[in-house]
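Note that the protein sequences, when read in sequence, are chains A and B.
Using the working numbering, the first residue of the first sequence is number 1, and each one after it goes up by one.
Using the working numbering, the first residue of the second sequence is number 1, and each one after it goes up by one.
Only true hints are included.
In silico BS3-like cross-links for lysine-lysine, where the CA-CA straight-line distance does not exceed 27 Å: (1) A:K34 with A:K217; (2) A:K2 with B:K232; (3) B:K232 with A:K158; (4) B:K298 with B:K365; (5) A:K2 with A:K73; (6) A:K2 with A:K158.
Honestly, the hints are just simulated from the structure, not real lab data.
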Amino acid sequence: MKVFVDAIGFAAPGMEDWESARRVLRGEAGYEPKALSLYQPNLLPPNERRRAAPAVRLAFRIAEDAMRTSSFKPSELATVFATSDADTSILHRLCTALAQPQRAVSPTDFHNSVHNAAAGYWSIAAGAKPPSTSLSAYDASFAAGLLEAATFVVVEQKPVLLACYDVVPPQPLFDVRPIALAMGVALVLAPDGAGRPIEISGETLAEIPMADPALEKLRLANPAGRALPLLQSLARA
Amino acid sequence: MTPLSVTRYTLTSALGHGVAAQLAALRGGRTGLQQKRFETCDLPCFIGEVSSLDSPLTGARAQWDCRNNRLAWLALQQDAFLDAAIALRSRYGAARVGVFIGTSTAGVHSTELAYRERGADAPLPSWFHYRTTQNCFSPADFVREALDLSGPAIAIATACSSSAKVFGSAQRAIVAGVCDAAIVGGVDSLCLTTLYGFNSLQLISPEICRPADANRRGISIGEAAGFAILEKSGEGPRLLGYGESSDAHHMSAPHPEGEGAAAAMRGALARANLAAEQIDYVNLHGTATPANDAAEDKAIVSLFGTSTPCSSTKGWTGHTLGAAAISEAVFSLLCIEHGFAPQSLNTQTLDPSLRANVLMQPLQKRVDRVLSNSFGFGGNNCSLIFGRAA
Numbered sequence: 001m002k003v004f005v006d007a008i009g010f011a012a013p014g015m016e017d018w019e020s021a022r023r024v025l026r027g028e029a030g031y032e033p034k035a036l037s038l039y040q041p042n043l044l045p046p047n048e049r050r051r052a053a054p055a056v057r058l059a060f061r062i063a064e065d066a067m068r069t070s071s072f073k074p075s076e077l078a079t080v081f082a083t084s085d086a087d088t089s090i091l092h093r094l095c096t097a098l099a100q101p102q103r104a105v106s107p108t109d110f111h112n113s114v115h116n117a118a119a120g121y122w123s124i125a126a127g128a129k130p131p132s133t134s135l136s137a138y139d140a141s142f143a144a145g146l147l148e149a150a151t152f153v154v155v156e157q158k159p160v161l162l163a164c165y166d167v168v169p170p171q172p173l174f175d176v177r178p179i180a181l182a183m184g185v186a187l188v189l190a191p192d193g194a195g196r197p198i199e200i201s202g203e204t205l206a207e208i209p210m211a212d213p214a215l216e217k218l219r220l221a222n223p224a225g226r227a228l229p230l231l232q233s234l235a236r237a
Numbered sequence: 001m002t003p004l005s006v007t008r009y010t011l012t013s014a015l016g017h018g019v020a021a022q023l024a025a026l027r028g029g030r031t032g033l034q035q036k037r038f039e040t041c042d043l044p045c046f047i048g049e050v051s052s053l054d055s056p057l058t059g060a061r062a063q064w065d066c067r068n069n070r071l072a073w074l075a076l077q078q079d080a081f082l083d084a085a086i087a088l089r090s091r092y093g094a095a096r097v098g099v100f101i102g103t104s105t106a107g108v109h110s111t112e113l114a115y116r117e118r119g120a121d122a123p124l125p126s127w128f129h130y131r132t133t134q135n136c137f138s139p140a141d142f143v144r145e146a147l148d149l150s151g152p153a154i155a156i157a158t159a160c161s162s163s164a165k166v167f168g169s170a171q172r173a174i175v176a177g178v179c180d181a182a183i184v185g186g187v188d189s190l191c192l193t194t195l196y197g198f199n200s201l202q203l204i205s206p207e208i209c210r211p212a213d214a215n216r217r218g219i220s221i222g223e224a225a226g227f228a229i230l231e232k233s234g235e236g237p238r239l240l241g242y243g244e245s246s247d248a249h250h251m252s253a254p255h256p257e258g259e260g261a262a263a264a265m266r267g268a269l270a271r272a273n274l275a276a277e278q279i280d281y282v283n284l285h286g287t288a289t290p291a292n293d294a295a296e297d298k299a300i301v302s303l304f305g306t307s308t309p310c311s312s313t314k315g316w317t318g319h320t321l322g323a324a325a326i327s328e329a330v331f332s333l334l335c336i337e338h339g340f341a342p343q344s345l346n347t348q349t350l351d352p353s354l355r356a357n358v359l360m361q362p363l364q365k366r367v368d369r370v371l372s373n374s375f376g377f378g379g380n381n382c383s384l385i386f387g388r389a390a
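The shape of chain A in the complex, shown without the other chains:
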């Protein structure tokens, strides 16, 4: 299956956007882990921006980064949102509330607890009415998302925005799901165009270690990190 990479978005500690990640992955700059700056999603209206949960913020951050260089408008794109765990901070608040006698569940938390919350906010903010799929495959969520997005592009002959992201779970969930740092990658994939072609095969989807030990640590620290080998080959092209 061949698809074309129209645009890329990225965020991880020490790599604020795709441009800075590209320099690191090309070996032009060393990798220095540094906390990610706070990000205010541009497309969200101010009241939503303030209330946006961490996973929604991260998903918007990488999607907006990709849209900066995409040849498509956000409203034109079908979407695939791949995240292992979505918003664990909301899960924590809901389960904490449900463990109390009064069980006062916040209605906002509940409707934001769906796995497709970030996709829903994106579709509303971008005015995007094409199909949208949100999925999980635990640590293989990036490969699963890439496969879902690529089959859509090939079969439907339409472009797709793929966003893969996970945030750091709060305690006590961190003990049972230790995602050490927040990371996200967005790819706009198209059936043709000027983008770099990639072949999606067993090899693209396999686990390939990074040569640089710091980047290998990053690859394993978050499900979205599994995108780093593919991103490195794209950065070097």
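Fit chain B to the supplied structure of chain A, relying on the hints for placement.
Here is chain B on its own, set in the frame of chain A:
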């Protein structure tokens, strides 16, 4: 699209275990909803509870034990589905069969119990297994393990359209050559999160849910697990088309004119290369909330006019959320195979503002093609069309 064969299907819901129990209840007009408590839930409401989920999973399946995977395992054992899956594996090879499972809350009830058990600021109890219960992928991973498959596997979680979306993903994967056949399905089980959560949004009815009723007051929550096998050829009814859209309107309320719903239905008709008149029965999303039923009615009337027979089957099972679409896909297949269309159960006074032909009595007639709707939070819509083998 080239139709796919649905060579085996099964469903376990509040109506019983396996398709014979579903068929008997649908034909007998017997609801699976009961006014009772789930676990410690003290909300006055009706629930659609599946029986026999009290025994833990054991042996190799013990690490997967949670209400959701117990339900998945119970459902897999009905209708000789396990035998059909073994035959599928030997026909295509374990790596060539994909697994596409919809869920909205996976095994969250285990997480609720783990939080209740832990002391303030204490770790979660040691019996709690996050990956194999709470994580969204757990039901898909469990099915893959249980059926000993090694092809692509994903959990799709687009709220209440999840187990409709799996049909689209599986069809594309088969067309693109990622796999040769697919196990699709949905699993969602009762939990406090959805009961108290929908209650916080004032969407839970204190009465039994009454889709399309003038006095409808909201949803009744149910649980279900269902699975189907999709192949390029073989005996059985067909998946003729599917359509997907986004409302781009609101997180938890449908577009008031049903625009996104209409787009999904139009997409399904186009992909199936069918005109609206060729649909014999529409299984509505029909949650029985005032907003859903009104918006869906507008969408139906805009495409089908006011004569195509329609009904929601939520009055039988309750809203089974991530398993709603697979439940209603199975009901659609039963309508085709047995020649009937069910009535809108529990509906006493049809809302006079609704214009679609909502069935107040069951229809006994040949049914060749059924369209089934599922709409979820986040404005995520998916419609499926099933038909008799040509």
